[in-house]
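Take these sequences, add in the hints, and give me the full structure.
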Amino acid sequence: MFSRIILILPFILLLGAIAIAPFANKKWWDKNYPFVSVILALIIIIYYFLSGQSLKLIISLEDYFSFIVLLFSLYVISGGIFLRISGKATPLSNLLLLAFGALIANIFGTTGAAMLLVRPFLSSNEYRFRPYHLVFFIFIVCNTGGSLSPVGDPPLFLGYLKGIPFFWVTQNLFIFWLITNAYLLSLFYFIDRNNFSKIKQNLKEEIGKKGENVRYGGLLNLIPLGIIIGAVFITTPVFLREGIMLLTAIVSYKITPKNIHESNKFNFKPIKEVAILFFGIFVTIIPALQLLSEYSKSFGLSDAGDFFWGCGFLTSFLDNAPAYLNFLTVVMANNGYDINVHTDMVKFLLQGNVYAVAISVSSVFFGAMTYIGNGPNFMVKSITEHKFPKGKIPGFPGYLGYSLTILLPFYFLLWLLFFRG
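Each residue of the sequence shown is one higher than the one before, starting from 51 at the first, in the numbering used here.
Calculated from the structure, these hints are not laboratory results. Just to be clear, a hint being listed does not mean it is correct.
List time: in silico DSSO-like cross-link candidates among lysine-lysine, alpha-carbon distance up to 27 Å [stated by the list, open to error]:
(1) LYS81 with LYS319
(2) LYS322 with LYS76
(3) LYS347 with LYS212
(4) LYS431 with LYS442
(5) LYS437 with LYS248
(6) LYS431 with LYS248
(7) LYS322 with LYS106
(8) LYS308 with LYS322
What you are looking at is a predicted structure, and each value in this text was computed from that prediction instead of being measured.
The following block contains the structure:
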(Lines of atoms letter the chains of each structure in order from A; the text may use other names.)
(Lines give C-alpha, C1' and ligand atoms only; values in the text may rest on other atoms or scores of the structure.)
Protein backbone atom coordinates (compact mmCIF):
# COMPACT_ATOMS: atom_id res chain seq x y z
CA MET A 51 0.00 0.00 0.00
CA PHE A 52 2.81 2.44 0.92
CA SER A 53 4.61 1.82 -2.39
CA ARG A 54 1.34 2.51 -4.25
CA ILE A 55 0.98 5.83 -2.45
CA ILE A 56 4.57 6.76 -3.41
CA LEU A 57 3.71 6.04 -7.05
CA ILE A 58 0.90 8.62 -7.09
CA LEU A 59 3.28 11.41 -6.02
CA PRO A 60 4.25 12.29 -9.64
CA PHE A 61 0.54 12.74 -10.42
CA ILE A 62 0.02 14.96 -7.36
CA LEU A 63 3.16 16.97 -8.12
CA LEU A 64 2.14 17.52 -11.74
CA LEU A 65 -1.38 18.67 -10.88
CA GLY A 66 0.01 20.89 -8.13
CA ALA A 67 2.46 22.44 -10.58
CA ILE A 68 -0.29 23.07 -13.16
CA ALA A 69 -2.45 24.73 -10.50
CA ILE A 70 0.19 26.88 -8.78
CA ALA A 71 3.23 27.47 -11.01
CA PRO A 72 1.57 29.67 -13.70
CA PHE A 73 0.47 32.08 -10.99
CA ALA A 74 3.61 31.87 -8.84
CA ASN A 75 6.15 32.30 -11.66
CA LYS A 76 4.60 32.34 -15.13
CA LYS A 77 7.88 33.02 -16.95
CA TRP A 78 9.58 30.00 -15.34
CA TRP A 79 6.56 27.78 -15.99
CA ASP A 80 6.25 28.75 -19.66
CA LYS A 81 9.89 27.76 -20.16
CA ASN A 82 10.01 24.60 -18.04
CA TYR A 83 6.56 22.95 -18.09
CA PRO A 84 7.62 20.42 -20.81
CA PHE A 85 10.48 19.18 -18.60
CA VAL A 86 8.22 18.92 -15.54
CA SER A 87 5.56 16.94 -17.40
CA VAL A 88 7.91 14.58 -19.26
CA ILE A 89 10.25 13.86 -16.31
CA LEU A 90 7.35 13.00 -13.99
CA ALA A 91 5.82 10.80 -16.73
CA LEU A 92 9.13 9.00 -17.31
CA ILE A 93 9.23 7.92 -13.64
CA ILE A 94 5.95 6.04 -14.12
CA ILE A 95 6.87 4.72 -17.59
CA ILE A 96 10.11 3.20 -16.30
CA TYR A 97 8.38 1.66 -13.28
CA TYR A 98 5.61 0.00 -15.31
CA PHE A 99 8.03 -1.43 -17.84
CA LEU A 100 10.38 -2.78 -15.19
CA SER A 101 7.52 -4.25 -13.13
CA GLY A 102 6.01 -6.08 -16.11
CA GLN A 103 2.81 -3.99 -16.14
CA SER A 104 3.34 -2.40 -19.54
CA LEU A 105 -0.21 -3.30 -20.68
CA LYS A 106 -1.73 -0.69 -18.33
CA LEU A 107 0.68 1.88 -19.71
CA ILE A 108 -0.19 0.99 -23.31
CA ILE A 109 -3.94 1.33 -22.62
CA SER A 110 -3.43 4.77 -21.11
CA LEU A 111 -1.22 5.93 -23.98
CA GLU A 112 -3.81 4.73 -26.51
CA ASP A 113 -6.46 6.80 -24.70
CA TYR A 114 -4.11 9.79 -24.66
CA PHE A 115 -3.42 9.52 -28.39
CA SER A 116 -7.14 9.39 -29.25
CA PHE A 117 -7.86 12.27 -26.87
CA ILE A 118 -5.16 14.63 -28.14
CA VAL A 119 -5.76 13.86 -31.83
CA LEU A 120 -9.41 14.95 -31.48
CA LEU A 121 -8.45 18.15 -29.62
CA PHE A 122 -5.70 18.93 -32.13
CA SER A 123 -7.99 18.36 -35.12
CA LEU A 124 -10.77 20.58 -33.76
CA TYR A 125 -8.25 23.24 -32.79
CA VAL A 126 -6.71 23.35 -36.27
CA ILE A 127 -10.05 23.42 -38.08
CA SER A 128 -11.54 26.13 -35.84
CA GLY A 129 -8.38 28.19 -36.44
CA GLY A 130 -9.19 28.11 -40.16
CA ILE A 131 -12.64 29.67 -39.76
CA PHE A 132 -12.65 33.46 -39.54
CA LEU A 133 -15.30 35.46 -37.68
CA ARG A 134 -15.19 39.17 -36.95
CA ILE A 135 -17.84 41.50 -35.55
CA SER A 136 -17.20 45.19 -36.20
CA GLY A 137 -19.23 47.83 -34.43
CA LYS A 138 -20.35 48.04 -30.84
CA ALA A 139 -22.09 45.05 -29.30
CA THR A 140 -25.55 45.39 -27.78
CA PRO A 141 -26.87 43.16 -24.98
CA LEU A 142 -28.94 41.22 -27.50
CA SER A 143 -26.03 40.57 -29.86
CA ASN A 144 -23.88 39.48 -26.90
CA LEU A 145 -26.64 37.12 -25.79
CA LEU A 146 -26.91 35.61 -29.28
CA LEU A 147 -23.14 35.16 -29.55
CA LEU A 148 -22.92 33.35 -26.20
CA ALA A 149 -25.94 31.18 -27.07
CA PHE A 150 -24.29 30.36 -30.40
CA GLY A 151 -21.13 29.45 -28.48
CA ALA A 152 -23.11 27.11 -26.22
CA LEU A 153 -24.35 25.29 -29.32
CA ILE A 154 -21.16 25.04 -31.38
CA ALA A 155 -19.10 24.01 -28.35
CA ASN A 156 -20.64 20.57 -28.88
CA ILE A 157 -19.32 20.47 -32.46
CA PHE A 158 -15.99 22.32 -32.24
CA GLY A 159 -15.32 21.33 -28.64
CA THR A 160 -15.11 24.01 -25.94
CA THR A 161 -11.51 24.80 -26.97
CA GLY A 162 -12.37 25.26 -30.65
CA ALA A 163 -15.52 27.31 -29.94
CA ALA A 164 -13.65 29.53 -27.49
CA MET A 165 -10.80 30.19 -29.92
CA LEU A 166 -13.28 30.99 -32.70
CA LEU A 167 -15.47 33.39 -30.72
CA VAL A 168 -13.33 35.04 -28.03
CA ARG A 169 -11.64 37.67 -30.22
CA PRO A 170 -14.83 38.92 -31.94
CA PHE A 171 -16.58 38.94 -28.56
CA LEU A 172 -13.83 41.02 -26.94
CA SER A 173 -13.45 43.40 -29.92
CA SER A 174 -17.15 44.20 -30.18
CA ASN A 175 -17.34 44.85 -26.42
CA GLU A 176 -14.13 46.87 -26.21
CA TYR A 177 -15.97 50.16 -25.71
CA ARG A 178 -17.67 48.94 -22.51
CA PHE A 179 -15.80 45.82 -21.45
CA ARG A 180 -16.26 44.72 -17.82
CA PRO A 181 -14.91 41.66 -15.97
CA TYR A 182 -18.28 39.90 -16.17
CA HIS A 183 -17.93 39.70 -19.98
CA LEU A 184 -14.88 37.46 -19.60
CA VAL A 185 -16.43 35.49 -16.73
CA PHE A 186 -19.67 34.61 -18.54
CA PHE A 187 -17.79 33.75 -21.75
CA ILE A 188 -15.73 31.22 -19.77
CA PHE A 189 -18.80 29.94 -17.92
CA ILE A 190 -20.83 29.27 -21.07
CA VAL A 191 -18.58 28.82 -24.11
CA CYS A 192 -15.60 27.21 -22.36
CA ASN A 193 -17.59 24.92 -20.07
CA THR A 194 -21.34 24.47 -19.64
CA GLY A 195 -22.06 24.80 -23.36
CA GLY A 196 -20.02 21.70 -24.20
CA SER A 197 -22.16 19.16 -22.37
CA LEU A 198 -24.29 17.83 -25.23
CA SER A 199 -21.82 15.53 -26.95
CA PRO A 200 -18.56 13.66 -26.25
CA VAL A 201 -16.86 16.08 -28.65
CA GLY A 202 -17.90 18.98 -26.44
CA ASP A 203 -15.60 18.62 -23.43
CA PRO A 204 -12.52 16.45 -22.69
CA PRO A 205 -14.01 14.35 -19.85
CA LEU A 206 -17.01 13.37 -21.97
CA PHE A 207 -14.75 12.22 -24.78
CA LEU A 208 -12.74 10.18 -22.29
CA GLY A 209 -16.00 8.53 -21.23
CA TYR A 210 -16.74 7.76 -24.88
CA LEU A 211 -13.30 6.17 -25.24
CA LYS A 212 -14.04 4.03 -22.18
CA GLY A 213 -17.27 2.70 -23.71
CA ILE A 214 -20.04 5.22 -22.94
CA PRO A 215 -22.24 5.40 -26.08
CA PHE A 216 -22.00 8.65 -28.08
CA PHE A 217 -25.66 9.66 -27.78
CA TRP A 218 -25.88 8.66 -24.11
CA VAL A 219 -24.40 12.09 -23.38
CA THR A 220 -27.08 13.95 -25.36
CA GLN A 221 -29.95 11.91 -23.90
CA ASN A 222 -28.83 12.15 -20.28
CA LEU A 223 -27.28 15.62 -20.10
CA PHE A 224 -29.65 17.64 -22.31
CA ILE A 225 -31.85 18.81 -19.42
CA PHE A 226 -28.77 19.97 -17.50
CA TRP A 227 -27.38 21.77 -20.56
CA LEU A 228 -30.73 23.48 -21.19
CA ILE A 229 -31.55 24.77 -17.71
CA THR A 230 -27.99 25.74 -16.79
CA ASN A 231 -27.30 27.70 -19.96
CA ALA A 232 -30.76 29.28 -19.86
CA TYR A 233 -29.99 30.46 -16.32
CA LEU A 234 -26.54 31.82 -17.23
CA LEU A 235 -27.69 33.50 -20.44
CA SER A 236 -30.65 35.14 -18.69
CA LEU A 237 -28.48 36.42 -15.87
CA PHE A 238 -25.85 37.68 -18.31
CA TYR A 239 -28.49 39.55 -20.34
CA PHE A 240 -29.86 41.23 -17.21
CA ILE A 241 -26.37 42.35 -16.10
CA ASP A 242 -25.28 43.38 -19.60
CA ARG A 243 -28.44 45.39 -20.25
CA ASN A 244 -27.89 47.24 -16.99
CA ASN A 245 -24.29 48.00 -18.02
CA PHE A 246 -25.45 49.10 -21.47
CA SER A 247 -28.04 51.49 -20.02
CA LYS A 248 -25.26 53.41 -18.29
CA ILE A 249 -23.61 54.30 -21.60
CA LYS A 250 -24.21 57.88 -22.72
CA GLN A 251 -27.22 58.53 -24.92
CA ASN A 252 -25.19 59.77 -27.89
CA LEU A 253 -23.17 56.54 -27.90
CA LYS A 254 -26.38 54.54 -27.94
CA GLU A 255 -27.55 56.58 -30.93
CA GLU A 256 -24.25 55.88 -32.68
CA ILE A 257 -24.73 52.17 -32.04
CA GLY A 258 -28.26 52.35 -33.42
CA LYS A 259 -27.09 54.03 -36.63
CA LYS A 260 -24.04 51.92 -37.37
CA GLY A 261 -25.21 48.61 -36.05
CA GLU A 262 -22.86 45.65 -36.24
CA ASN A 263 -21.18 44.18 -39.26
CA VAL A 264 -20.33 40.47 -39.23
CA ARG A 265 -17.52 39.25 -41.48
CA TYR A 266 -16.57 35.63 -41.91
CA GLY A 267 -14.36 33.37 -43.99
CA GLY A 268 -12.94 29.89 -44.22
CA LEU A 269 -16.37 28.26 -44.36
CA LEU A 270 -14.85 25.54 -46.55
CA ASN A 271 -13.48 24.16 -43.27
CA LEU A 272 -16.99 23.09 -42.32
CA ILE A 273 -16.40 20.10 -44.60
CA PRO A 274 -13.32 18.88 -42.63
CA LEU A 275 -15.27 19.53 -39.45
CA GLY A 276 -18.04 17.20 -40.65
CA ILE A 277 -15.45 14.53 -41.46
CA ILE A 278 -14.00 14.80 -37.93
CA ILE A 279 -17.44 14.38 -36.34
CA GLY A 280 -18.15 11.39 -38.56
CA ALA A 281 -14.77 9.82 -37.76
CA VAL A 282 -15.59 9.84 -34.03
CA PHE A 283 -17.95 6.90 -34.64
CA ILE A 284 -15.23 4.70 -36.16
CA THR A 285 -14.01 2.13 -33.64
CA THR A 286 -12.15 -0.42 -35.78
CA PRO A 287 -9.53 -1.02 -36.92
CA VAL A 288 -7.33 0.54 -34.24
CA PHE A 289 -6.23 4.12 -34.97
CA LEU A 290 -8.12 4.41 -38.28
CA ARG A 291 -10.26 7.08 -36.61
CA GLU A 292 -7.20 9.01 -35.47
CA GLY A 293 -5.51 8.66 -38.86
CA ILE A 294 -8.53 10.16 -40.61
CA MET A 295 -8.67 13.01 -38.09
CA LEU A 296 -4.98 13.88 -38.48
CA LEU A 297 -5.13 13.75 -42.27
CA THR A 298 -8.25 15.92 -42.26
CA ALA A 299 -6.62 18.47 -39.94
CA ILE A 300 -3.55 18.66 -42.19
CA VAL A 301 -5.71 19.19 -45.29
CA SER A 302 -7.72 21.86 -43.45
CA TYR A 303 -4.54 23.69 -42.48
CA LYS A 304 -3.19 23.55 -46.04
CA ILE A 305 -6.36 24.77 -47.77
CA THR A 306 -6.91 27.65 -45.34
CA PRO A 307 -5.68 30.98 -46.77
CA LYS A 308 -2.77 32.48 -44.87
CA ASN A 309 -4.65 35.72 -44.19
CA ILE A 310 -7.32 33.82 -42.20
CA HIS A 311 -4.72 32.26 -39.92
CA GLU A 312 -3.10 35.68 -39.50
CA SER A 313 -6.43 37.34 -38.72
CA ASN A 314 -7.15 34.65 -36.11
CA LYS A 315 -3.58 34.99 -34.77
CA PHE A 316 -3.46 31.23 -35.13
CA ASN A 317 -0.44 29.34 -33.83
CA PHE A 318 0.25 25.93 -32.31
CA LYS A 319 1.46 27.15 -28.91
CA PRO A 320 -1.82 26.57 -26.95
CA ILE A 321 -2.38 23.04 -28.30
CA LYS A 322 1.31 22.21 -27.79
CA GLU A 323 0.97 23.08 -24.10
CA VAL A 324 -2.20 21.00 -23.78
CA ALA A 325 -0.55 18.01 -25.53
CA ILE A 326 2.56 18.05 -23.31
CA LEU A 327 0.72 18.53 -20.02
CA PHE A 328 -1.92 15.91 -20.79
CA PHE A 329 0.78 13.44 -21.77
CA GLY A 330 2.07 13.79 -18.22
CA ILE A 331 -1.42 13.56 -16.75
CA PHE A 332 -2.43 10.44 -18.69
CA VAL A 333 0.77 8.62 -17.67
CA THR A 334 1.07 9.71 -14.03
CA ILE A 335 -2.63 9.05 -13.37
CA ILE A 336 -2.21 5.29 -13.97
CA PRO A 337 -1.13 4.41 -10.39
CA ALA A 338 -3.82 6.69 -8.97
CA LEU A 339 -6.55 4.95 -10.98
CA GLN A 340 -5.18 1.55 -9.98
CA LEU A 341 -5.16 2.52 -6.30
CA LEU A 342 -8.70 3.88 -6.55
CA SER A 343 -9.94 0.67 -8.16
CA GLU A 344 -8.44 -1.54 -5.47
CA TYR A 345 -9.42 0.55 -2.43
CA SER A 346 -12.55 2.23 -3.75
CA LYS A 347 -14.93 1.04 -1.02
CA SER A 348 -12.80 2.58 1.75
CA PHE A 349 -13.42 6.13 0.45
CA GLY A 350 -16.96 6.18 1.89
CA LEU A 351 -18.62 7.52 -1.27
CA SER A 352 -22.11 6.11 -1.56
CA ASP A 353 -24.87 8.15 -3.23
CA ALA A 354 -24.75 10.14 -6.47
CA GLY A 355 -24.53 13.41 -4.55
CA ASP A 356 -21.21 12.34 -3.02
CA PHE A 357 -19.77 11.83 -6.49
CA PHE A 358 -21.29 15.08 -7.76
CA TRP A 359 -19.63 17.20 -5.05
CA GLY A 360 -16.41 15.16 -4.85
CA CYS A 361 -15.78 15.26 -8.58
CA GLY A 362 -16.80 18.93 -8.62
CA PHE A 363 -14.27 19.90 -5.96
CA LEU A 364 -11.44 18.03 -7.68
CA THR A 365 -12.42 19.48 -11.06
CA SER A 366 -12.46 23.05 -9.73
CA PHE A 367 -8.91 23.09 -8.43
CA LEU A 368 -7.16 20.52 -10.62
CA ASP A 369 -8.65 19.70 -14.01
CA ASN A 370 -11.89 18.14 -15.20
CA ALA A 371 -10.43 15.26 -17.26
CA PRO A 372 -8.44 13.52 -14.45
CA ALA A 373 -11.23 14.27 -11.97
CA TYR A 374 -13.73 12.53 -14.25
CA LEU A 375 -11.51 9.47 -14.69
CA ASN A 376 -10.80 9.19 -10.97
CA PHE A 377 -14.40 9.29 -9.83
CA LEU A 378 -15.74 7.12 -12.65
CA THR A 379 -13.08 4.55 -11.74
CA VAL A 380 -14.16 4.62 -8.09
CA VAL A 381 -17.89 4.23 -8.69
CA MET A 382 -17.38 1.42 -11.21
CA ALA A 383 -14.99 -0.42 -8.90
CA ASN A 384 -17.50 -0.06 -6.06
CA ASN A 385 -19.91 -2.05 -8.21
CA GLY A 386 -17.33 -4.63 -9.29
CA TYR A 387 -16.56 -3.22 -12.75
CA ASP A 388 -13.32 -2.27 -14.50
CA ILE A 389 -13.23 1.10 -16.30
CA ASN A 390 -10.90 -0.32 -18.96
CA VAL A 391 -13.36 -3.06 -20.03
CA HIS A 392 -16.01 -1.77 -22.46
CA THR A 393 -18.50 -4.52 -21.65
CA ASP A 394 -18.24 -3.59 -17.98
CA MET A 395 -19.16 -0.01 -18.89
CA VAL A 396 -22.34 -1.18 -20.65
CA LYS A 397 -23.34 -3.24 -17.60
CA PHE A 398 -22.52 -0.37 -15.24
CA LEU A 399 -24.70 2.12 -17.12
CA LEU A 400 -27.66 -0.22 -16.76
CA GLN A 401 -27.10 -0.37 -13.01
CA GLY A 402 -25.57 2.98 -12.05
CA ASN A 403 -26.70 5.46 -14.68
CA VAL A 404 -27.35 8.24 -12.14
CA TYR A 405 -23.74 8.00 -10.93
CA ALA A 406 -22.39 8.38 -14.46
CA VAL A 407 -24.70 11.37 -15.00
CA ALA A 408 -23.60 13.01 -11.73
CA ILE A 409 -19.90 12.64 -12.57
CA SER A 410 -20.40 13.83 -16.17
CA VAL A 411 -22.37 16.93 -15.17
CA SER A 412 -19.99 17.73 -12.34
CA SER A 413 -16.78 17.39 -14.37
CA VAL A 414 -18.10 19.67 -17.13
CA PHE A 415 -19.90 22.30 -15.04
CA PHE A 416 -17.40 22.64 -12.18
CA GLY A 417 -14.68 23.20 -14.77
CA ALA A 418 -16.02 26.77 -14.83
CA MET A 419 -15.34 27.36 -11.12
CA THR A 420 -11.71 28.48 -11.56
CA TYR A 421 -9.29 29.43 -14.32
CA ILE A 422 -7.63 26.01 -14.00
CA GLY A 423 -10.78 23.88 -14.05
CA ASN A 424 -10.69 23.44 -17.83
CA GLY A 425 -8.01 24.09 -20.47
CA PRO A 426 -9.85 26.79 -22.51
CA ASN A 427 -10.40 28.94 -19.39
CA PHE A 428 -6.75 29.85 -19.06
CA MET A 429 -6.33 30.31 -22.82
CA VAL A 430 -9.23 32.79 -22.95
CA LYS A 431 -7.88 34.64 -19.89
CA SER A 432 -4.48 34.95 -21.58
CA ILE A 433 -5.99 36.34 -24.81
CA THR A 434 -8.06 38.84 -22.81
CA GLU A 435 -5.02 40.01 -20.86
CA HIS A 436 -3.25 40.85 -24.11
CA LYS A 437 -6.16 43.07 -25.16
CA PHE A 438 -7.09 44.87 -21.96
CA PRO A 439 -5.18 46.42 -19.03
CA LYS A 440 -4.51 44.09 -16.13
CA GLY A 441 -6.96 45.87 -13.80
CA LYS A 442 -9.89 44.89 -16.02
CA ILE A 443 -9.18 41.16 -15.79
CA PRO A 444 -10.22 39.44 -12.53
CA GLY A 445 -7.40 37.53 -10.86
CA PHE A 446 -7.80 34.05 -9.43
CA PRO A 447 -9.61 35.23 -6.22
CA GLY A 448 -11.75 37.70 -8.18
CA TYR A 449 -12.86 35.06 -10.67
CA LEU A 450 -13.56 32.64 -7.82
CA GLY A 451 -15.78 35.30 -6.27
CA TYR A 452 -17.93 35.34 -9.41
CA SER A 453 -18.17 31.55 -9.61
CA LEU A 454 -18.99 31.13 -5.92
CA THR A 455 -21.75 33.73 -6.22
CA ILE A 456 -23.22 32.76 -9.59
CA LEU A 457 -22.46 29.08 -10.15
CA LEU A 458 -22.28 27.40 -6.75
CA PRO A 459 -25.86 28.24 -5.60
CA PHE A 460 -27.19 26.94 -8.92
CA TYR A 461 -25.12 23.76 -8.66
CA PHE A 462 -26.58 23.30 -5.18
CA LEU A 463 -30.04 23.52 -6.76
CA LEU A 464 -29.06 20.87 -9.34
CA TRP A 465 -27.93 18.62 -6.50
CA LEU A 466 -31.25 19.09 -4.68
CA LEU A 467 -33.29 18.35 -7.80
CA PHE A 468 -31.33 15.45 -9.30
CA PHE A 469 -28.67 13.92 -7.07
CA ARG A 470 -29.63 14.31 -3.42
CA GLY A 471 -29.70 10.88 -1.81
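Comparing the hints with the structure gives:
| no. | hint | in the structure |
| --- | --- | --- |
| 1 | LYS81 with LYS319 | holds, 12 Å |
| 2 | LYS322 with LYS76 | holds, 17 Å |
| 3 | LYS347 with LYS212 | holds, 21 Å |
| 4 | LYS431 with LYS442 | holds, 11 Å |
| 5 | LYS437 with LYS248 | holds, 23 Å |
| 6 | LYS431 with LYS248 | holds, 26 Å |
| 7 | LYS322 with LYS106 | holds, 25 Å |
| 8 | LYS308 with LYS322 | holds, 20 Å |
Figure legend: structure checked against the earlier numbered hints; every hint is met.
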